[in-house]
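Undergrad: Residue strings, one per chain:
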Amino acid sequence: MRSSGAYVAVIALLLAFAVALQVWRDRGWQPYEPATPVLWLQNADTMLRISLGFDSLIADTYWIRAVVYYGRQRLTEREDKNFDLLYPFLDFVTTLDPRFKTAYRFGAVFLSEPSPGGPGRPELAVKLLERGAERSPHEWEYLHDIGFVYFWSVGDYAQAADWYERASRIAGAPIWLKSTAAAMLVQGGDRESARTIWEHMLESADDEWLRNEARTRLAQFDALDVIDRLNIELWRYKARAGRLPQGWDELVRARVLRAVPLDPAGVAYEIDPVNENVTVSPTSPLWPMPARFKPVPR
Amino acid sequence: MRAIALVALAVYRESVRDRVPLTIAGFGVLLVCASYLISQLTAGQDLKIIKDLGLAALNILGLFIAVFIGIGLVAKEVDRRSIYTLLSKPVTREQFLAGKYLGLVMTLGVNLGAMCLTFYAVLFYQDLATPAGIRATWPAPAMDPRLMIAVVLIFGELMLVTAIALFFSSFSSPLLSMLLTLGLWIAGHFNTDLRQFEQVVDSAAAAFIARGAYYLLPNLAPFNVKAEVVHAVPVAASHVVLTLSYAAVYIAAVLLAAMAVFRKRDFK
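Chains as they are written, first to last, in my numbering: chain L, 6 to 303; chain E, 1217 to 1484.
If we strip away everything but chain L, and leave its shape as in the complex, we get (with noise of 0.2 Å):
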């Protein structure tokens, strides 16, 4: 070859032929991945030793690991998923950046959330916001989420009261959590009393991926409040017809509805026949739907 062009041609070529070989052969191959990923490093406190003043930037690339960690372990179809890097991640990113904020207050609700969408493990959850207060003990943020770890996910409204009036204690917290903790008290976990904590939540969250999970979850109470009045009108017309309808269409016919009834996120709500209920679909964004906030029974 005489010219630098057809070098650059020729090179140019040879990549070209070396991407259609990757996409031909990443069509049948996909590379192994453990359930459990390895940590090589067990020890947080060694990395911090051994991270020469780059501590904060490590804790950012340990923080990106976990957030794509617990996005693909929600995502997988894998028998055997777990989540049992998630702690250790969010114990290294904690250790590094103790005050990485969002790494507490993510982390508690990933670990917090129930299975099979992440581990169910809010006692993990409460020790890493507890860490968290304890190094910024100025900072409501962390008690008001162990209140909410104690009054979403494990249902001990008396615990969640008392981290609530805690919160309400330090100087800047907002009024309503005072409110908030005598509401926890009298009406426990009753769905308005959670509407309202995740209506707070939705005004006071400092993120963008906060916000949007406080929308998912009042529009999860207002699609129960829907289901509600659905399921009404289900039995009603069970009641007449002696049998439950073969779908939505048919009790738009009767007038009973004047349209297929869809969900805040514009999903069609489906017809249980086996427990005789409406349900959400399972194609819908807001599904699953909170265990413990269930339709009013029949």
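You may find that some hints are simply not true.
Pulled a few chain L residues facing chain E out of the computed Cβ check, cut under 8 Å [to be verified]:
id, residue
1, 50
2, 57
3, 58
4, 62
No wet-lab data here; the hints were simulated from the structure.
Note that beta-carbon positions come from the ideal geometry of N, C-alpha and C, so glycine has one too.
We have chain L already, so just place chain E on it with the hints.
TA: Relative to the frame of chain L, chain E by itself:
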């Protein structure tokens, strides 16, 4: 002074001509821009990660410039035999070393400045692209001028590392100089452990030696306030002044040591 300035300018010109710092700075620019992409992978915390990555990039790339150019400053002149020509001119060996050092510090300063501008440009973009509601929840504004405290201390640390690289370069080979400089840089970040050595050993002699090493080795940990500025934790002015003063004194000592060694070096 004129002789020192001439040598410094020559070093700066040569390093620019070598394109090494420019390549590294280009890489730094890319890294800072990549930080924006990486931050998209996280649940929130984009700004924190951009700031962390930007400051770490400034630090690491500055370290590469300080070490990889610093170790070759004297060795290159000896290899090319240009040292004879240089020393035959009205430039003392001390002036030659001081000029070399200042030239590299100038190169470092210009490169850090360029990377800093890019860093702030990325932060400016992030500020523009973020809704006001989210901006209000940031512990510090995107274009926080306090980030410069971390940058100034990084520059101080790099000036110290440059002096160390030049010291080793004045009497040993580039490879050995690199290993020794990086070794001291690592030791400098572990230095705080030496101070607490007496808490983990019973031997008074070992504790005394460790304490001595703590004061003798460069202590680089105080130069790292990256996490503090990113989380908007106040950094005391006295800490900055004392740390920079420490750097100035230590640099003077290391340069004097380099000059003492270089004065006696035989180039025959």
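Undergrad: Now tell me, hint by hint, if it's right for this structure.
TA: Consistency of the hints with the structure:
1. Residue-level restraint check for residue 50/L is violated (minimum Cβ-Cβ distance to chain E is 12 Å; threshold 8 Å).
2. A hinted interface residue such as residue 57/L counts as satisfied when its beta carbon comes closer than 8 Å to some beta carbon of chain E; here the least separation is about 5 Å, so the hint holds.
3. Hint status for residue 58/L relative to chain E: holds, with the closest Cβ pair at about 4 Å, below 8 Å.
4. Given the 8 Å rule on beta carbons, the hint for residue 62/L holds: about 4 Å separates it from the nearest Cβ of chain E.
Checked against the numbered hints listed earlier, the structure breaks hint 1 alone; every other hint is satisfied.
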